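S.K.: Chains as they are written, first to last, in UniProt numbering: chain A, 1 to 613; chain B, 1 to 314.
These aren't lab readings, by the way, just hints derived from the structure by calculation. It is possible that some hints are incorrect.
Said to hold, decoys possible - Partial list, computed: chain A residues near chain B (C-beta under 7 Å): (1) S352; (2) S353; (3) F354; (4) S373.
Fair warning: this is a prediction, and the values are worked out from it, not measured in the lab. Positions of the beta carbon are idealized from the N, C-alpha and C atoms, including for glycine.
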Amino acid sequence: MVPENMKKQLALAVRSIQWSYAILWTDSTTQPGVLRWGEGYYNGDIKTRKTSQGVELNSDQIGLQRSEQLRELFKSLKTTEITPQSKRPSAALSPEDLTDAEWYYLVCMSFVFNIGQGLPGRALAKGQSIWLNNAHSADCKLFSRSLLAKTVVCFPVMEGVIELGTTEHVSEDFSLIERIKTSFLNNLHVNDPNKSALKSRNQEDLAYVAFDDNVESIPEIGYDIASKTSPDGSSNAFQANQPLDETFMVERITSGTSQVQSWQVMDDEISNCVHNSMNSSDCISQTFASPENIASAPKCNNPSDPFAHNPKMTVVDPRGDDWHYQRVLSDLLKTSDQLLMKMHSQKFHQESSFVCWRPGGATDCQWPRSGTSQKLLKKVLFEVPQMHLDGLHESQEENDYKEGMRLETDEIGMNHVMSERRRRAKLNERFLTLRSMVPSISKDDKVSILDDAIEYLKKLERRIKELEVQRGMTNMEPGTRRSPQDMVERTSDHYFSKNHNGKKSVAKKRKVCGVDETGKEINSDALKGSYANDITVRTSDNEIVIEMKCPSRTGRLLEIMEAVNSLSIDFNSVQSTEADGNLYLTIKSVFTGATIGTTKRIKQALQKVASKF
Amino acid sequence: MKNIYNLSPSHPHRLALGSFIEEYTNRVHILSFHPETLSLSPHPSLSFDHPYPPTKLMFHPRKPSPSSSSDLLATSGDYLRLWDVRENSVEPLSLFNNSKTSEFCAPLTSFDWNDIDHNRIGTSSIDTTCTIWDIERTVVETQLIAHDKEVYDIAWGEARVFASVSADGSVRIFDLRDKEHSTIIYESPHPDTPLLRLAWNKQDLRYMATILMDSNKVVILDIRSPTTPVAELERHRGSVNAIAWAPHSSTHICSAGDDTQALIWELPTLAAPTGIDPMCMYSAGCEINQLQWSAAQPDWIAIAFANKVQLLKV
Numbered sequence: 001m002v003p004e005n006m007k008k009q010l011a012l013a014v015r016s017i018q019w020s021y022a023i024l025w026t027d028s029t030t031q032p033g034v035l036r037w038g039e040g041y042y043n044g045d046i047k048t049r050k051t052s053q054g055v056e057l058n059s060d061q062i063g064l065q066r067s068e069q070l071r072e073l074f075k076s077l078k079t080t081e082i083t084p085q086s087k088r089p090s091a092a093l094s095p096e097d098l099t100d101a102e103w104y105y106l107v108c109m110s111f112v113f114n115i116g117q118g119l120p121g122r123a124l125a126k127g128q129s130i131w132l133n134n135a136h137s138a139d140c141k142l143f144s145r146s147l148l149a150k151t152v153v154c155f156p157v158m159e160g161v162i163e164l165g166t167t168e169h170v171s172e173d174f175s176l177i178e179r180i181k182t183s184f185l186n187n188l189h190v191n192d193p194n195k196s197a198l199k200s201r202n203q204e205d206l207a208y209v210a211f212d213d214n215v216e217s218i219p220e221i222g223y224d225i226a227s228k229t230s231p232d233g234s235s236n237a238f239q240a241n242q243p244l245d246e247t248f249m250v251e252r253i254t255s256g257t258s259q260v261q262s263w264q265v266m267d268d269e270i271s272n273c274v275h276n277s278m279n280s281s282d283c284i285s286q287t288f289a290s291p292e293n294i295a296s297a298p299k300c301n302n303p304s305d306p307f308a309h310n311p312k313m314t315v316v317d318p319r320g321d322d323w324h325y326q327r328v329l330s331d332l333l334k335t336s337d338q339l340l341m342k343m344h345s346q347k348f349h350q351e352s353s354f355v356c357w358r359p360g361g362a363t364d365c366q367w368p369r370s371g372t373s374q375k376l377l378k379k380v381l382f383e384v385p386q387m388h389l390d391g392l393h394e395s396q397e398e399n400d401y402k403e404g405m406r407l408e409t410d411e412i413g414m415n416h417v418m419s420e421r422r423r424r425a426k427l428n429e430r431f432l433t434l435r436s437m438v439p440s441i442s443k444d445d446k447v448s449i450l451d452d453a454i455e456y457l458k459k460l461e462r463r464i465k466e467l468e469v470q471r472g473m474t475n476m477e478p479g480t481r482r483s484p485q486d487m488v489e490r491t492s493d494h495y496f497s498k499n500h501n502g503k504k505s506v507a508k509k510r511k512v513c514g515v516d517e518t519g520k521e522i523n524s525d526a527l528k529g530s531y532a533n534d535i536t537v538r539t540s541d542n543e544i545v546i547e548m549k550c551p552s553r554t555g556r557l558l559e560i561m562e563a564v565n566s567l568s569i570d571f572n573s574v575q576s577t578e579a580d581g582n583l584y585l586t587i588k589s590v591f592t593g594a595t596i597g598t599t600k601r602i603k604q605a606l607q608k609v610a611s612k613f
Numbered sequence: 001m002k003n004i005y006n007l008s009p010s011h012p013h014r015l016a017l018g019s020f021i022e023e024y025t026n027r028v029h030i031l032s033f034h035p036e037t038l039s040l041s042p043h044p045s046l047s048f049d050h051p052y053p054p055t056k057l058m059f060h061p062r063k064p065s066p067s068s069s070s071d072l073l074a075t076s077g078d079y080l081r082l083w084d085v086r087e088n089s090v091e092p093l094s095l096f097n098n099s100k101t102s103e104f105c106a107p108l109t110s111f112d113w114n115d116i117d118h119n120r121i122g123t124s125s126i127d128t129t130c131t132i133w134d135i136e137r138t139v140v141e142t143q144l145i146a147h148d149k150e151v152y153d154i155a156w157g158e159a160r161v162f163a164s165v166s167a168d169g170s171v172r173i174f175d176l177r178d179k180e181h182s183t184i185i186y187e188s189p190h191p192d193t194p195l196l197r198l199a200w201n202k203q204d205l206r207y208m209a210t211i212l213m214d215s216n217k218v219v220i221l222d223i224r225s226p227t228t229p230v231a232e233l234e235r236h237r238g239s240v241n242a243i244a245w246a247p248h249s250s251t252h253i254c255s256a257g258d259d260t261q262a263l264i265w266e267l268p269t270l271a272a273p274t275g276i277d278p279m280c281m282y283s284a285g286c287e288i289n290q291l292q293w294s295a296a297q298p299d300w301i302a303i304a305f306a307n308k309v310q311l312l313k314v
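Isolated chain A, as found in the complex (with noise of 0.2 Å):
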């Protein structure tokens, strides 16, 4: 509980002694033995001063509000920690109108004390006034915020501890510290101190209750930010021993949230690492040094918690006295003026992340040396150029018909190079479907390939003639001569139809269901059975299968082949069977994420081909 006149005996106190501030620590409300910020008094440099009201106000009122106004934007700032997307509310001051005491002040409302820890905590905990010079130099043990006080002295009172500051240097002088006691005493006790709570104050511990369970001794921005940042499928890369604070790595940006951060926050005396995680299952947070001061009790007892977190503490070596300080501030300016925060990212001293080379100082650091050398910066080169122009060819081919129009012939031959690579782009892919349609191919190359398919065709020619032969058919019907598109067709045909007179009447056959047919495309897939065309495309994790059905024609095949691959689906197997004057087909196919088409879009390209005639 702070009393109302609080604010009044400090800025007496410390305006009768003409130093730069005074901050009350008092038991936290919320978490007995540990001190918070109670109540502060400003009294050093104002940089800017803005005054809503044009009256002028004499200075003892212009140090209340500015104290004030500073405790304001202090509250601000750190909603914005909290909630990032919520518009920060509305400050009399901005962080850019404030001093260099004005930061140390502002970020002294960030830290909290365990009795015995820190100046203040050793005030309370031995019942006397401490007196320090020199602070900015002082052990980060004693004192950490040592940034620009020089002198700061701590002494008990009722309430907690009052701490006093200057950036000047005053050597030791008790008695100063006896009349302010003595005017405290005498002030304070005419209250009643438990008449008056601060309501903002309430209203702003409620916001820690969440964590105060858990959290012994760790500043509070410190702790909002580690709470925050620490987003599901975080993970730590940091190996521990290895001075890596200055390696930040996002890992998995595609998912937008994922983000590795450590955070590394320093206290009076206790040096607490609180490594949160939402989800503390993915997070990995490693012990560094010296266990003897982990003050770590993780309960997590409230449900309600809006942070539902499990705090590991881990303890971190005291390594840069200032780092709070410059933490707090560019964590408070993160939102505000980018120039300020370069000023201060000057002061930020930083370790380099490489060692020293040693000859074959590695040995210890192994690499997979298996596979390929350069592999992405070979996929880079070699690779993507090659998917572009498979790409490029489809959309080409449409364009091919006018390249005999063009008037302009490129000087440099260029047209000449892009034609020729498509050309064979285009030749590798009719390999392929030619590879796909033959059976028992031995070898991947093209000559092998050709061999194959002539063999094959032979073996089917062979075939037919006997077949032929056995029906007694020796006069073939003149247009059964068949070309070799043709000869594709039907002889990819696994199983061999039975029905295999001539083509004509085939094609006869057919255009008579076509005519039936058309009127009945649409609702085609639950005719089932019927002579319309049936198309089931389903799709398993990573692998497509068409199976279709449809009247057979001449280059039907082809042209399916053409649809599907025009869809860029790759296909693995083929296979179709002809059967009284229909086309039965099935394609195996690797979905390879490249395909453009829903099961639904390569539906309708195949129903169009397969209604064609």
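We have chain A; now place chain B onto it with these hints.
M.R.: Relative to the frame of chain A, chain B by itself:
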């Protein structure tokens, strides 16, 4: 796989990275780097589709100017594209097609933005050509058959001078004032060992560096002594994937390779007979695919490996 990224000079804390998937589902992301908190934060609203995998990304090389909030980003791949990176969105600005005869252009392996004449971008293509664009007028300034085979990388030296490397194993320098001639300043020892990447030392234009296919060497060339490299850096224990000269020093170069290491070298005035040792090293634990040492942030080297991007403090 994350692979390609670049830091923005006009927003020194910004970097762009492109995914590399051999499908048409690639994206480009813009991240902000916070050196104070040592964190990277994504800008979801600034991430955009780049179906064809980008082969290179680069921000406009202009110096920081607080007045302009928007930023230009160029990407190469199926085309050279310019994007306007605004506060909360990325808009396609223009698409450059160098083919007079078709709406398609040969795939681009790389490009470089001229940092003296900001209107110039040079692209390298597998069709053996380099194309110099005037991006202001979106016209081809010139197109040269640069090599006998695919051109894999291009780098500007001066406003009108660029160099390129190719599958034909040569490094050639071109001067736009005399398009008839080019100077071969290096040829790979075994004929037809492709040269994959090229970096021109912006602090001392006499020097450039290139890497060979399947080689652990970084070849340092002096354009005054063609055909003989001045140094070969051979301390990588796997193939080298990326090289970058220090933006602020003429004698430092960083290389990264399959041996998971990023090495920083200081080039001595006189090389020891045993070869040059790197100054310092960093191990990423995984093959490093890409490396960027941006003038906007000379203290930081960005590397990409597997699906990760790391910023290393120099």
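S.K.: Now, for every hint given, state plainly whether the structure supports it.
M.R.: Against the structure, the hints come out as follows:
no. : hint : verdict
1   : S352 : 5 Å, holds
2   : S353 : 4 Å, holds
3   : F354 : 4 Å, holds
4   : S373 : 4 Å, holds
In this structure, none of the earlier numbered hints is contradicted; all agree with it.
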